[in-house]
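Residues per chain, in single letters:
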Amino acid sequence: AQSVTQLDSQVPVFEEAPVELRCNYSSSVSVYLFWYVQYPNQGLQLLLKYLSGSTLVKGINGFEAEFNKSQTSFHLRKPSVHISDTAEYFCAVIRSGNTPLVFGKGTRLSVIA
Amino acid sequence: ETGVTQSPTHLIKTRGQQVTLRCSSQSGHNTVSWYQQALGQGPQFIFQYYREEENGRGNFPPRFSGLQFPNYSSELNVNALELDDSALYLCASTSRGGSYNEQFFGPGTRLTVL
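Protein chains in written order, with my numbering: chain F, 1 to 113; chain B, 1 to 114.
These are computed hints drawn from the structure, not numbers from a lab. Since this is a predicted model, take the numbers as computed values, not measurements. Idealized CB from N, CA, C, for every residue including glycine. Among the clues, some could well be false.
Label-pair distances were calculated between CB atoms; the ranges are [unchecked claim]:
(1) Arg77/F / Gly3/B: 25 to 33 angstroms
(2) Ala17/F / Arg51/B: 34 to 42 angstroms
(3) Pro61/B / Ala17/F: 43 to 51 angstroms
(4) Ser84/F / Thr20/B: 19 to 27 angstroms
(5) Asn79/B / Thr55/F: 40 to 48 angstroms
(6) Gly28/B / Gly53/F: 24 to 32 angstroms
(7) Glu15/F / Gly97/B: 37 to 45 angstroms
(8) Asn55/B / Tyr39/F: 27 to 35 angstroms
(9) Arg57/B / Phe14/F: 42 to 50 angstroms
(10) Arg63/B / Gly53/F: 41 to 49 angstroms
(11) Asn79/B / Glu15/F: 44 to 52 angstroms
Computed list of chain F residues with no C-beta within reach of chain B, every gap over 12 angstroms [claimed, not checked]:
(12) Glu16
(13) Ala17
(14) Asn24
(15) Ser27
(16) Gln42
(17) Lys49
(18) Gly62
(19) Glu66
(20) Lys69
(21) Gln71
(22) Thr72
(23) Ser96
(24) Asn98
(25) Val111
Facing chain B, according to a computed beta carbon distance under 10 angstroms, are these residues of chain F, among others [stated by the list, open to error]:
(26) Val4
(27) Ser9
(28) Gln38
(29) Asn41
(30) Leu51
(31) Thr99
(32) Pro100
(33) Gly104
(34) Lys105
Construct the complete structure from the given sequences, taking the supplied hints into account.
Right, here's the structure in full:
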């Protein structure tokens, strides 16, 4: 079975500062990896995904993530955050295309003006 | 193209009651998955429906049941509600086939059980 650990439950950061949200996963098989964002009172929106190929993945809103197989990590980064990035971020894995998503507990990013 | 929609937006029930939540899948999608997101937690997989049949289930008791209709919309039914059923219920639709197909999420239904 797959599992996901998001190492920080809350991350406060000042506007225009860089941020990294950490995610580690556990799986005995190859997986696909995802980051979702959830704004208050909304559903989940896909930020980016790693399926194969280049380990550096670029997503929407200036976010990127790097897949590190040896460390089983998929950390999310943004070089300069905005107030509008304040939201809950979820890391998730699936074993194959039609299997259910397994989510971490989420990291609340709070951007401070 | 219409995205995934869910109804109602909010719902308040009391312990022991039954509830039905509804999800309309995105146009062209034939698979619907339901997730429960408790406060402060990540979403947890309840079950998936494909071509009107349950196609995979998470660790949820039988009082959580579902349906999928010929137009691929879906219902989640929860009987004998418990306080711990209070959560945001999300549905996601996708098309099966190929190595990967993105799941598109609806805005969710927030259920409060008193």
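Next on the checklist: Please verify that the nearest CB of chain B lies beyond 12 angstroms from Ser96/F's CB.
Outcome noted: violated (7 angstroms)
Item to check | Cut-off 10 angstroms, beta-carbon criterion: hint that Gln38/F touches chain B | outcome: holds (9 angstroms)
Next on the checklist: Does Pro100/F hold up as a contact with chain B if the rule is Cβ-Cβ below 10 angstroms?
Outcome noted: The hint holds - Pro100/F has a Cβ within 10 angstroms of chain B, the shortest such distance being about 4 angstroms.
Checklist entry - Should the hint that Val4/F touches chain B count as held when the rule is a Cβ pair under 10 angstroms? => result Given a least distance of 8 angstroms, the restraint on Val4/F holds.
Checklist entry - For Asn98/F, is the shortest beta carbon distance to chain B beyond 12 angstroms? => result violated (5 angstroms)
Item to check | Verdict on Lys49/F as a residue remote from chain B, using beta-carbon distances over 12 angstroms | outcome: Violated, because the least Cβ-Cβ distance between Lys49/F and chain B comes to about 8 angstroms, which does not exceed 12 angstroms.
Item to check | Hint validity - Gly104/F Cβ closer than 10 angstroms to any chain B Cβ | outcome: Holds. Min distance 5 angstroms.
Next on the checklist: The hint says 19 to 27 angstroms between Ser84/F and Thr20/B; measuring C-beta to C-beta, is that right?
Outcome noted: Distance hint for Ser84/F, Thr20/B is violated at roughly 35 angstroms.
Checklist entry - Was the hint right that Thr99/F lines chain B, CB cutoff 10 angstroms? => result holds (8 angstroms)
Next on the checklist: The hint says 34 to 42 angstroms between Ala17/F and Arg51/B; measuring C-beta to C-beta, is that right?
Outcome noted: violated (49 angstroms)
Item to check | Cβ distance range 43 to 51 angstroms for Pro61/B and Ala17/F, holds or violated | outcome: At 45 angstroms between Cβs, range holds.
Next on the checklist: 37 to 45 angstroms was suggested as the range; check whether the CB atoms of Glu15/F and Gly97/B agree with it.
Outcome noted: Check passed, 43 angstroms falls within 37 to 45 angstroms.
When held up to the earlier numbered hints, the structure conflicts with 2, 4, 16, 17, 23, 24 and fits the remainder.
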